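Model the full assembly from the supplied sequences, consistent with the hints where possible.
Sequences listed follow chains B and Y, in order. Per the UniProt record's numbering, residue 1 is the first one in the first sequence, and the count goes up by one each step. Per the UniProt record's numbering, residue 1 is the first one in the second sequence, and the count goes up by one each step.
Errors might be hidden in some of the hints.
Derived list of chain Y stretches under chain B, where covered just means 3 residues or more per stretch with a C-beta under 8 angstroms from a C-beta of chain B [claimed, not checked]:
#	stretch
1	71-79
2	109-120
3	209-223
4	232-246
5	254-262
To be clear, the hints were calculated from the coordinates, so they are not data collected in a lab. Just so you know, these numbers come straight off a predicted model, no measurement behind them. Just so you know, even glycine gets a beta-carbon here, dropped at the ideal spot from N, CA and C.
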Amino acid sequence: MELSRFPAYLAGRLVKAAVVVLAIVVCNFFLIHAAPGDPASIIAGQSGSADARFLEQLRAQFGLDQPLYMQLWLYLKGVLTLDLGFSHRQQASVAALLWDRLPATLLLTGAAFLFAIAIGVTMGALAARRVGTWSDSVITVLALTFYATPLFWVGLMLVLLFSVTLEWLPSFGMMSVGVELSRIGRVLDIGKHLLLPALTLGLFYVAVYARLTRATMLEVADQDFVKTARAKGVPEGRILRRHVLRNAMLPVITFAGIQAGQLIGGSILVETVFAWPGIGRLAFEALLARDYQVLMGVFFCTSVMVVLFNLITDLLYAVVDPRVEVS
Amino acid sequence: MGGFWRNFCRNRGAVVGLVILLLVIATAVAAPWLFPGSPWDMAGMPFAPPGEMGMWLGTDSLGRDVAAGIAHGARVSLLVGAVSTVVALVIGIGLGATAGYLGGVADDIVMRFTEFFQTIPSFVLAILLVAIFTPTIGSIVFAIAVVSWPPVARVVRAEFLSLRSREFVQASEVLGKSRLAIVFGDILPNALSPIVVLSSLMVASAILLESALSFLGLGDPNLMSWGFLIGSGRSVIRIAWWMSVFPGIAIFLTVLSLNLVGEGLSDALNPRLARNREGKA
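Below, the structure is given as structure tokens:
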């Protein structure tokens, strides 16, 4: 796209992202009020022994004695100043809890994403080069299999194989507890703990990206500029890398953006299986304790992550593909 | 109809899928006769491995029969999958038809709404909904429907956009038929085939979603389900692998069969497309 129009494009995207985030906050607000029972006791956590004074304090904080629009305003004001509430159960602010767990989740989802892209695109490219051979069918079968397998079950089966039977890899946590390790040792230790969760979360997307890459590469390979390159005598390997694969990456980028929400949803399951100390595990703990403040914080935080990720892929797309129109 | 069957049967995977699916449905229907009594009751020693004490899939930590749990769980999985898909179809067709038929501002509003639901992490929303409305079969169906209607709305909208300017629709408009009659009598029947294909895939993902929710402890506490079985086997996987392995295989086979049937339906309803694909691959 033309450089002069880029700021307008960026501004449009930012406004859109802000609207989505705002809508999520409103959604959270109405969920509390749609739930059966007293909003104050829901905010406090149902199964808790919420005492009368705490409930009173919550009523004042959320303005529950005021009209609905005032309550919404108070809630919005709170969230926009990053006050996501207080977890009575964990005796910490929700924002602090989320902030604490964010790095682990980013590490897990990032590793899974990179693994899926790297292996998936390679497999897809190979399959596209040898259409109709066994490697082609292997990808179709793998994709069907991983579409149909529950993520958490894949995790458990990997634990059964690599931790219980073979005893190669640790089955839970993010690092070994109670051992003194050098800095490199610590990194290796985290890497060892990361392997199974990232593999679990990434496997499904390997199949997805492989299929997508294969389909778009076949499509691009038919186009005129590839024929031109071939007619010019450009070596086949170079055509594949510079002309075909590069163009085939565009749908992969778009799809990565669309899938971001699913990836983060999946991380809740994977973190639960592997006791990975991230936001997903926090959500599971909050679920067990019926700690709704934390759950809503998780919903807010993961949504913001997805919106940001979409923003990045949109911008990346606009930079990579000059044909994208500014709208 | 004969042509439909022939095209469906040409896809061998689809036939295998249909057979598996029928077996699962048969198990679900026959569960009360195959395994009389409640699947929650103790049937033998705790942690009996498969094949021992007449429990061919073993028992769990409280001596409950895993096979009975899987058979009774099939009822819940299929029921939740089917009902939540119907609810999602109603929402998706309603919104998609409105957007596609009316166009303009209505289209804009509905599509922004749909985009919003496609952006937010749907699984997290489902968790939140079930947790806040307390886990019952009703809230689970509701939560799954709320997060799975967007693709229906998109497909229906696209179909309506292309169909509404066709001659047979214009003819109905000239004849003075009401809008509702045109939408349900003329356009919708012609948009059915992509909806049918999509719904078999939706049942599959609803079953996966239900199992994930009950794995996290958000299942209906009165109903046995596959996700619950795997969830309760998670902490004892070192001593009782069968508790989590077999229910997972049940989910895998059911979801796989639905996906295969979906592909077969797609081939049978768009025979031209299917032949093209065969030619290309």
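How the hints compare with the structure:
Beta-carbon proximity to chain B at under 8 angstroms applies to 0 residues in the stretch 71-79 of chain Y; the threshold of 3 is not reached and the given coverage is violated. Counting residues of the stretch 109-120 of chain Y whose CB lies closer than 8 angstroms to any CB of chain B gives 4, which reaches the minimum of 3, so the coverage claim holds. Using a Cβ-Cβ cut-off of 8 angstroms, 6 residues of the stretch 209-223 of chain Y lie near chain B, which meets the minimum of three, so the contact claim holds. Counting residues of the stretch 232-246 of chain Y whose beta-carbon sits less than 8 angstroms from any beta-carbon of chain B gives 7, enough to reach three: the coverage restraint holds.
A count of 4 residues in the stretch 254-262 of chain Y with a Cβ less than 8 angstroms from any Cβ of chain B is obtained; the coverage claim is therefore met, three being the minimum.
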